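Start from the sequences and build out the full structure, keeping to the hints where you can.
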Amino acid sequence: MSNTTLSHHHDPESDGAKAVCIDASVRTPVLLLFGNALHWLVVASFLALLASVKLVAPGFLGGVAFLGYGRLSAIARDLFLYGWASQAAIAAGIWLMARLCNRTLGGVLLRTLINSAVVLWNLAVLLGTLAILAGYSTGVEWLEYPNWASAMLFLSFLMIGIWVVCLFDRRAGIESGGRAEPALWYLVAGFCCFPWVYGTANLLLTWKPLQASAQGAVQGWFCNGFLILWLLPVALGALYGLLPRISGQQLNRRNLAPLGFWLLILFGGWAGLARLIGGPIPAWMASAGVVAGVLFLIPILIVMINLLGLRRGGDNDGNITWQFLRGGLSFILTAGLLAALLAMPSVSAFARFTGVTVSLDLLWLFGAISFPLFGVIYASLPGLLGRECWSVSLSGLHYWLNFAGLCLLTTILILDGLFAGLALLDPVVSFLNITSYAQPFHVLEGAAWLLLLASTVIAAANFTRALAAERLFPKK
Amino acid sequence: MHRLSTFLIGILLVFLTSWVGVVAYSSNKLGHLDPIADADTGGSLPPNLQGDAIAGQRVYASEGCIACHSQQVRQTSVTGTDIARGWGVRPSVARDYLRDSTAFLGSCRLGQDLSNVGIRLPDAKWHYRHLFHPGSVCEGSIMPAFSHLFEVRKIQGQRSDEALDLTGADAPKEGCEVVPTTDAKNLVAYLLSLRHDYPLPEAPVKKGAEATK
Numbered sequence: 001m002s003n004t005t006l007s008h009h010h011d012p013e014s015d016g017a018k019a020v021c022i023d024a025s026v027r028t029p030v031l032l033l034f035g036n037a038l039h040w041l042v043v044a045s046f047l048a049l050l051a052s053v054k055l056v057a058p059g060f061l062g063g064v065a066f067l068g069y070g071r072l073s074a075i076a077r078d079l080f081l082y083g084w085a086s087q088a089a090i091a092a093g094i095w096l097m098a099r100l101c102n103r104t105l106g107g108v109l110l111r112t113l114i115n116s117a118v119v120l121w122n123l124a125v126l127l128g129t130l131a132i133l134a135g136y137s138t139g140v141e142w143l144e145y146p147n148w149a150s151a152m153l154f155l156s157f158l159m160i161g162i163w164v165v166c167l168f169d170r171r172a173g174i175e176s177g178g179r180a181e182p183a184l185w186y187l188v189a190g191f192c193c194f195p196w197v198y199g200t201a202n203l204l205l206t207w208k209p210l211q212a213s214a215q216g217a218v219q220g221w222f223c224n225g226f227l228i229l230w231l232l233p234v235a236l237g238a239l240y241g242l243l244p245r246i247s248g249q250q251l252n253r254r255n256l257a258p259l260g261f262w263l264l265i266l267f268g269g270w271a272g273l274a275r276l277i278g279g280p281i282p283a284w285m286a287s288a289g290v291v292a293g294v295l296f297l298i299p300i301l302i303v304m305i306n307l308l309g310l311r312r313g314g315d316n317d318g319n320i321t322w323q324f325l326r327g328g329l330s331f332i333l334t335a336g337l338l339a340a341l342l343a344m345p346s347v348s349a350f351a352r353f354t355g356v357t358v359s360l361d362l363l364w365l366f367g368a369i370s371f372p373l374f375g376v377i378y379a380s381l382p383g384l385l386g387r388e389c390w391s392v393s394l395s396g397l398h399y400w401l402n403f404a405g406l407c408l409l410t411t412i413l414i415l416d417g418l419f420a421g422l423a424l425l426d427p428v429v430s431f432l433n434i435t436s437y438a439q440p441f442h443v444l445e446g447a448a449w450l451l452l453l454a455s456t457v458i459a460a461a462n463f464t465r466a467l468a469a470e471r472l473f474p475k476k
Numbered sequence: 477m478h479r480l481s482t483f484l485i486g487i488l489l490v491f492l493t494s495w496v497g498v499v500a501y502s503s504n505k506l507g508h509l510d511p512i513a514d515a516d517t518g519g520s521l522p523p524n525l526q527g528d529a530i531a532g533q534r535v536y537a538s539e540g541c542i543a544c545h546s547q548q549v550r551q552t553s554v555t556g557t558d559i560a561r562g563w564g565v566r567p568s569v570a571r572d573y574l575r576d577s578t579a580f581l582g583s584c585r586l587g588q589d590l591s592n593v594g595i596r597l598p599d600a601k602w603h604y605r606h607l608f609h610p611g612s613v614c615e616g617s618i619m620p621a622f623s624h625l626f627e628v629r630k631i632q633g634q635r636s637d638e639a640l641d642l643t644g645a646d647a648p649k650e651g652c653e654v655v656p657t658t659d660a661k662n663l664v665a666y667l668l669s670l671r672h673d674y675p676l677p678e679a680p681v682k683k684g685a686e687a688t689k
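Quick mapping for you: the protein sequence lines, in order, are chains C and E. Residue numbers for the first sequence follow this note's numbering, beginning at 1 and rising by one. Residue numbers for the second sequence follow this note's numbering, beginning at 477 and rising by one.
Don't read these hints as lab results, they were simulated from the structure. Possibly wrong hints are sitting among the right ones.
Lysine to any residue pairs mimicking SDA-like chemistry, simulated, CA-CA at most 20 Å apart [said to hold, decoys possible]:
| no. | chain 1 | residue 1 | chain 2 | residue 2 |
| --- | --- | --- | --- | --- |
| 1 | E | K601 | E | S636 |
| 2 | C | K208 | E | L509 |
| 3 | E | K661 | C | G135 |
| 4 | E | K505 | C | Q211 |
| 5 | E | K505 | C | A283 |
| 6 | E | K505 | C | G135 |
| 7 | E | K505 | C | S287 |
| 8 | C | K208 | E | K630 |
| 9 | C | K208 | E | S503 |
| 10 | E | K505 | C | W284 |
| 11 | C | K208 | E | K505 |
| 12 | E | K630 | E | G651 |
| 13 | E | K505 | C | P282 |
| 14 | E | K661 | E | V613 |
| 15 | C | K18 | C | G135 |
| 16 | C | K208 | E | H508 |
| 17 | C | K208 | E | S577 |
| 18 | C | K208 | E | G651 |
| 19 | C | K208 | E | R534 |
| 20 | E | K505 | C | T200 |
| 21 | C | K208 | E | R575 |
Here chain E is said to cover these stretches of chain C; the calculated rule only asks that three of the stretch's residues, wherever they fall, bring their Cβ under 8 Å from a Cβ of chain E [claimed, not checked]:
| no. | stretch |
| --- | --- |
| 22 | 160-174 |
| 23 | 198-211 |
| 24 | 420-427 |
Because the structure is a prediction, the values reported are computed rather than measured. Yeah, the Cβ is synthetic: ideal placement off N, Cα and C, and Gly gets one too.
Have a look at this one:
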């Protein structure tokens, strides 16, 4: 993508120069974050593949304590959440905020601070992973890292996040009364919600745990909040920021966007309770979860109205950023619909605890969130490196393998879940009987993870190749 | 939405609704529940946990049992399946988790719900054999073996009472025995303590209801 794609003004010459300065100022942290994120993604996909093999052949790697299914799956998920998605979201946030606000990241001191935060973040992920391997998991789902590791993540985020949020007030055109665009609202909201959601959940569940009777609701609130209030807004920031610029068209029904934004934050917080339908929480909480979970469709539909109509003339397939962003948009719609269905008690009754619930989280994380983040990676690197750097064939392969792998994985999980869920309704069918029929599904899940692993290896290779090209083929 | 300060106040207010409603309510109300006096035994409900069962929770967390097992019997208004399957005699309520350090509610059921496994499977020896090699007691089980929670050692004089009765490929070499480590003992003590069959004011138990396998 050319350097001028992201500028507002009419003078491409000076904007181009400005974009070059901005990119130069954020280059180191953004490349470090994206690079580390991609490599964690490969590790996590590999571990997820191992875990899925263990479901088919429980004896595989048996007897190695630190590679049991329970630990492997926790490590893989946390690497997806903290190693990959959060880290890529931070990088995307830095680059998008700087570009959309048309401001450079100033000062040696600030840059050193941010670069050290990046190191701290990755150190925390590494140590947290090792701690789970060694058996020091907290046992709280999605928050398995020991309290010191989560404190490091929290601190590291603050060191970067504050600066990103403050850019909102320094944006170009603010003095002349220019309004902020929707992409900026979403980015700022995401960056504000991370410390709230992650800090609160860790405080009450791992740093200074509440009485266990109160933990359930907080757990549900956290899982949803982490996806919907932190990661999804950054992904939406990417979509709102990049899609109109690439297509050269305006948002459709721009006046609906504020409503969509506020409802997303409102219902996103409450919808977490839908994860606990029927569980040990007060009845009114479960009802609130149902209502919020279903109404969450409204902000999703507004996003679709705003963005789905944007079209690019002719060569859509050629533009990898565009492909990933559009893919992300369709996954947001799919995940939103599935989430609303699962929030209905009659559906939750048989689908909860099965592959259907697993599938929903995967759709959010690997589709709705990861696809737009990949879009940002593909959009930002040429500017950051100052040259066209992607291998077109690798990029295309990455997209299709990723798309196919995710569709296969989520479809299989949904079928598996529906099958098991409906069979469980009949108490005469024994539990072991149901598990044994699930075996073919587990084999297919393994195959899907293999596709996803291949796609992430290609993505990481493409990235590494892009960076290395400079040294391999120096400019004359 | 022009200035950061006004915008942030907006986000804060909207965010606060769920924060107050879910988090603050939980920690203030549900976080301060008290046990109920048990008229029959003079003890309290839910019953206190023994030290080994408390230590067992750490093993449960560290091995990641939560990846495959939930610990919650759902409300009958949502589904009767959990109770029909014999996973409990009444729905779980917040007070049931009072004695736990972490509420292992779980989100996935590749294995059965364990809230009442202590009633269903009260035999420690069964659990040892199952943990050592699930397939040996449950044909075709996909639960991983936790053999690292056991120790193979030379028999010194008499065979230990704790030694597992293993047959076939699992059996140790002549003159050796397989015994549970402290971790395994604690874990099994915890599993046996999992029984939510006592009545609570908010979760009465119907007369004649009994957990079945």
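Hints versus structure:
1. K601/E x S636/E: holds, 13 Å
2. K208/C x L509/E: With a Cα-Cα distance of about 17 Å, the restraint between K208/C and L509/E holds, given a limit of 20 Å.
3. K661/E x G135/C: The given pair, whose Cα atoms are some 17 Å apart, holds under the 20 Å limit.
4. K505/E x Q211/C: holds, 10 Å
5. K505/E x A283/C: holds, 14 Å
6. K505/E x G135/C: Status violated; Cα separation ~32 Å.
7. K505/E x S287/C: It holds: about 18 Å lies between the C-alpha atoms, which stays within 20 Å.
8. K208/C x K630/E: Violated - the C-alpha atoms of K630/E and K208/C are around 44 Å apart, more than 20 Å.
9. K208/C x S503/E: Holds: K208/C and S503/E sit about 12 Å apart, inside 20 Å.
10. K505/E x W284/C: Between K505/E and W284/C the Cα gap is close to 14 Å, so the pair holds against 20 Å.
11. K208/C x K505/E: Measuring from Cα to Cα gives roughly 17 Å; hence the hint holds.
12. K630/E x G651/E: holds, 6 Å
13. K505/E x P282/C: holds, 10 Å
14. K661/E x V613/E: holds, 19 Å
15. K18/C x G135/C: violated, 50 Å
16. K208/C x H508/E: holds, 15 Å
17. K208/C x S577/E: Holds - the C-alpha atoms of S577/E and K208/C are around 11 Å apart, at most 20 Å.
18. K208/C x G651/E: violated, 48 Å
19. K208/C x R534/E: Answer holds: K208/C to R534/E is near 16 Å, not above 20 Å.
20. K505/E x T200/C: Roughly 17 Å between the alpha carbons, so the hint for K505/E and T200/C holds.
21. K208/C x R575/E: holds, 16 Å
22. 160-174: holds (count 5)
23. 198-211: holds (count 6)
24. 420-427: holds (count 3)
When each numbered hint is compared with the structure, violations occur for hints 6, 8, 15 and 18.
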